[in-house]
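Model the full structure from these sequences, guided by the hints.
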Amino acid sequence: MRSLCFSPKHSPSSTFSPPSSTPSRPSFYDSVMDRTLELAEPIITKWSPDTTAIARVTSLFYENRREAKEFIKTVNNLQKAMHFLAAENSSSEKLIRAQNLMQIAMKRLQKEFYQILSMNRAQLDPESVSTRSSRTSVASSYSSYDDEDEDAEAADESISEVEDASMAAMADLRLISECMISSGYAKECLKIYKIIRKSIVDEGIYKLGVEKLSPSQIHKLDWEVLDLKIKSWLSAIRTAVATLFHGERILCDQVFAAADSIRESCFTEITKEGAMLLFQFPEIVAKHSKKSPEKIFRALDMYTGIANHWPEIESIFSSESTAIIKSQAVTSLMKLGDFTRAAINEFEAAIQKDSSKSPVAGAGTHFLTIEAMDYLSNLADYSNILADILADSPPSAKKKLPETYFGFSDSEESPAPAISLKMAWLILVLLCKLDTKAKYYKDVSLAYLFLANNLQYVVVKVQTSNLKYLLGEEWVTKHEGIVKQFAANYERLGWGHVIDALPADPTASVAPARAAEIFRNFNSAFDQAHKKQAHCVVDDRKLRDHIKVSIARKIFRLYRQFYNANREKMAGERNLAVVVRYAPEDVGHRLSDLFFGHLESGASSSSESSSSDSRRPRSR
1 MRSLCFSPKH
11 SPSSTFSPPS
21 STPSRPSFYD
31 SVMDRTLELA
41 EPIITKWSPD
51 TTAIARVTSL
61 FYENRREAKE
71 FIKTVNNLQK
81 AMHFLAAENS
91 SSEKLIRAQN
101 LMQIAMKRLQ
111 KEFYQILSMN
121 RAQLDPESVS
131 TRSSRTSVAS
141 SYSSYDDEDE
151 DAEAADESIS
161 EVEDASMAAM
171 ADLRLISECM
181 ISSGYAKECL
191 KIYKIIRKSI
201 VDEGIYKLGV
211 EKLSPSQIHK
221 LDWEVLDLKI
231 KSWLSAIRTA
241 VATLFHGERI
251 LCDQVFAAAD
261 SIRESCFTEI
271 TKEGAMLLFQ
281 FPEIVAKHSK
291 KSPEKIFRAL
301 DMYTGIANHW
311 PEIESIFSSE
321 STAIIKSQAV
331 TSLMKLGDFT
341 RAAINEFEAA
351 IQKDSSKSPV
361 AGAGTHFLTI
371 EAMDYLSNLA
381 DYSNILADIL
391 ADSPPSAKKK
401 LPETYFGFSD
411 SEESPAPAIS
421 LKMAWLILVL
431 LCKLDTKAKY
441 YKDVSLAYLF
451 LANNLQYVVV
461 KVQTSNLKYL
471 LGEEWVTKHE
481 GIVKQFAANY
491 ERLGWGHVID
501 ALPADPTASV
511 APARAAEIFR
521 NFNSAFDQAH
531 KKQAHCVVDD
541 RKLRDHIKVS
551 IARKIFRLYR
561 QFYNANREKM
571 AGERNLAVVV
581 RYAPEDVGHR
591 LSDLFFGHLE
601 SGASSSSESS
611 SSDSRRPRSR
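Be aware that the sequence shown starts at 1, since it is given in our numbering, and climbs by one per residue.
These are calculated hints, taken from the structure and not from any lab test. Please note that a few of the clues may not be correct.
Straight-line C-alpha distance at most 27 Å; calculated DSS-like pairs for lysine-lysine [to be verified]: (1) 80 x 187; (2) 212 x 229; (3) 194 x 69; (4) 439 x 478; (5) 187 x 46; (6) 212 x 194; (7) 220 x 335; (8) 326 x 212; (9) 80 x 69; (10) 548 x 442; (11) 326 x 353; (12) 554 x 542; (13) 191 x 212; (14) 207 x 231; (15) 69 x 220; (16) 484 x 554; (17) 542 x 439; (18) 531 x 554; (19) 194 x 357; (20) 531 x 484; (21) 231 x 335; (22) 478 x 433; (23) 207 x 194; (24) 478 x 548; (25) 229 x 290; (26) 207 x 272; (27) 357 x 532.
Given the structure is predicted, the values throughout are model-derived calculations rather than measurements.
Listed below in structure tokens is the structure:
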């Protein structure tokens, strides 16, 4: 019959409470130790790795879980008995015997700990642990291991056999770790755990494609190669944070649940190298890659990758010992922000420095407009991230912008977002550059058509991208009005003399000679205008239809009325076909064929609809 001193229903304090009579203490503790040694020696020596071949190759926890739990209880009782006896008689020979048994037991538990970690790599891999944690709590597995707890474990039939084996492995690991730590063998326990689990984390980081690259290596890489590495990193951070580090955090928390400081230091040593490697990469890229505006999108992708996972990063690396990892992630965010701001400034400078002076054939859309607006519309896709990056550094050009330029409130009481101000400013810089390029047209009418085409492209890009949310409807409406003003000026300067060739009242009666003169003047003016405007192009269908309808409404309508009123008077003309060269239908056909000119420059003919194609910068 088991001594009451070791009954699991009694607390340690009650188990070894000394009797009130002081003279009986030595004999009491001796008897406690004798009984403890009597119970401990058979089971500990049975599983000594040095005793039998079976003990060397067999797993205690795999062969007989009930006996494994009894083994742990026995070791715990032995440790408690040693503690009390050492306090009373530190020179007792029984302590030496107990210490020898303890060393045997610890050697056994080290072997078991290693075997469980090694044999259950698949069940304890971070992905499996992380996935299971979202479906079920493993806390119920970590009880006092009484018989009734085993019944409770078996009752949960909803857990798969694999999950059950994994949870049992974690429970065994926790049981062993607590026993070894309480017995003073924390160092040995942690050494085994760190070696195996760190190798798994390091292997996971390697398989995710995260490389250790020096600043000089990054600087020398071609953009195409670096771009592939960034893409690999973007995929890696999702898996590393959500699965690898998260799963390792859960496993470490469960195995070392009873030892906070040990748990944190252990997790830090296992994950620090891999996590630092992961979070240092964006900083190195931001600081040492060759700068160019188009690389901003990859910088924003990396910024987004860290920012989107920040709640998990904070939760996983929440202790003081992992503060350096969080600090590295923050540093990378800061450097990526610096890179982004610098790239935007370089983009602005590139627009201002553009020195191309050759007019675009047909007064079409300039390649600078296409590239700049594609760039800005792509930037607008990152508006949430850019809002954070630009929040602390509003554009210095804010004071230079006219108050009426914005489609939103921008006052001290209600300041406009920094990102909206920046986008508005960059578009204004582009429009100013286009205004300069329009002056290279010798024909002023073509200059206005050029401005109409390019501003229409800008407006459409704003309307069909997230820029519309940053600039506002009022901005769009205002600039649509400016497009119409440019189109009206083009129409007036390019076709006004044709309209002027016809009488203000085309139905008024005139002499045949005067009618013939008007027909000749119209022919000359129309031929001249059509020849000059025939090569012109209007890429946007909506704008093209607007201009053609407006011209036709004036020229075709006036000419048809004059033609119908005076055609019969010309019947006696010797050279009738020369004088009355065009029937109204001929004028209409020639007008309808306008603005499909040949694109011989960087202009785009792909904008057949109101929304133009959105293209990423070539290096993206």
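Hints versus structure:
1. For a cut-off of 27 Å, the pair hint linking residue 80 to residue 187 stands: about 20 Å separates their Cα positions.
2. For the proposed pair residue 212 and residue 229, the alpha carbon gap of about 11 Å is at most 27 Å, so the pair holds.
3. A distance of roughly 24 Å separates the Cα atoms of residue 194 and residue 69; the hinted pair therefore holds under the 27 Å criterion.
4. With a C-alpha separation of about 23 Å, the suggested pair residue 439 and residue 478 falls inside the 27 Å cut-off, and the hint holds.
5. A C-alpha spacing of about 25 Å is found between residue 187 and residue 46, which places the hinted pair at or below 27 Å, so the restraint holds.
6. Pair hint residue 212 plus residue 194 holds up; C-alpha atoms about 21 Å apart against a cutoff of 27 Å.
7. For a cut-off of 27 Å, the pair hint linking residue 220 to residue 335 stands: about 19 Å separates their Cα positions.
8. A C-alpha spacing of about 19 Å is found between residue 326 and residue 212, which places the hinted pair at or below 27 Å, so the restraint holds.
9. Straight-line distance between C-alpha atoms of residue 80 and residue 69 comes to about 17 Å, which keeps the hinted pair within the 27 Å bound.
10. As the CA atoms of residue 548 and residue 442 are separated by approximately 23 Å, the hinted pair is consistent with the 27 Å bound.
11. Using a Cα cut-off of 27 Å, the hinted pair residue 326 and residue 353 is violated, with the two alpha carbons roughly 40 Å apart.
12. Under the criterion of a C-alpha separation no larger than 27 Å, the hint pairing residue 554 with residue 542 is consistent with the structure, at around 19 Å.
13. Between the alpha carbons of residue 191 and residue 212 the distance comes to roughly 25 Å, so the proposed pair stays at or under 27 Å and holds.
14. Distance restraint check for residue 207 and residue 231: the Cα-Cα separation of roughly 14 Å lies within the 27 Å cut-off, and the hinted pair is therefore satisfied.
15. As the CA atoms of residue 69 and residue 220 are separated by approximately 59 Å, the hinted pair breaks the 27 Å bound.
16. At roughly 16 Å between alpha-carbon atoms, residue 484 and residue 554 fall within 27 Å of each other, so this suggested pair holds.
17. Between the alpha carbons of residue 542 and residue 439 the distance comes to roughly 25 Å, so the proposed pair stays at or under 27 Å and holds.
18. Note on residue 531 and residue 554: the hinted pairing holds, with a Cα-Cα distance of about 19 Å set against a maximum of 27 Å.
19. Our distance criterion of 27 Å between C-alpha atoms is broken by residue 194 and residue 357, whose separation comes to about 66 Å.
20. With a C-alpha separation of about 24 Å, the suggested pair residue 531 and residue 484 falls inside the 27 Å cut-off, and the hint holds.
21. Taking the CA atoms of residue 231 and residue 335, the gap is near 18 Å; set against the 27 Å cutoff, the hint holds.
22. Between residue 478 and residue 433 the alpha-carbon distance is near 19 Å, which keeps this suggested pair within the 27 Å criterion.
23. Simply put, residue 207 and residue 194 have alpha-carbon atoms about 19 Å apart, close enough for the 27 Å limit, and the pair holds.
24. The hinted pair formed by residue 478 and residue 548 meets the criterion: a straight-line CA distance of about 22 Å does not exceed 27 Å.
25. Restraint check for residue 229 and residue 290: satisfied, since their Cα atoms lie roughly 15 Å apart, inside the 27 Å limit.
26. The suggested pairing of residue 207 with residue 272 holds, with an alpha-carbon distance near 17 Å, which does not exceed 27 Å.
27. Distance check on the hinted pair: residue 357 and residue 532 sit about 21 Å apart at the alpha-carbon level, within 27 Å; holds.
Checked against the numbered hints listed earlier, the structure breaks hints 11, 15 and 19; every other hint is satisfied.
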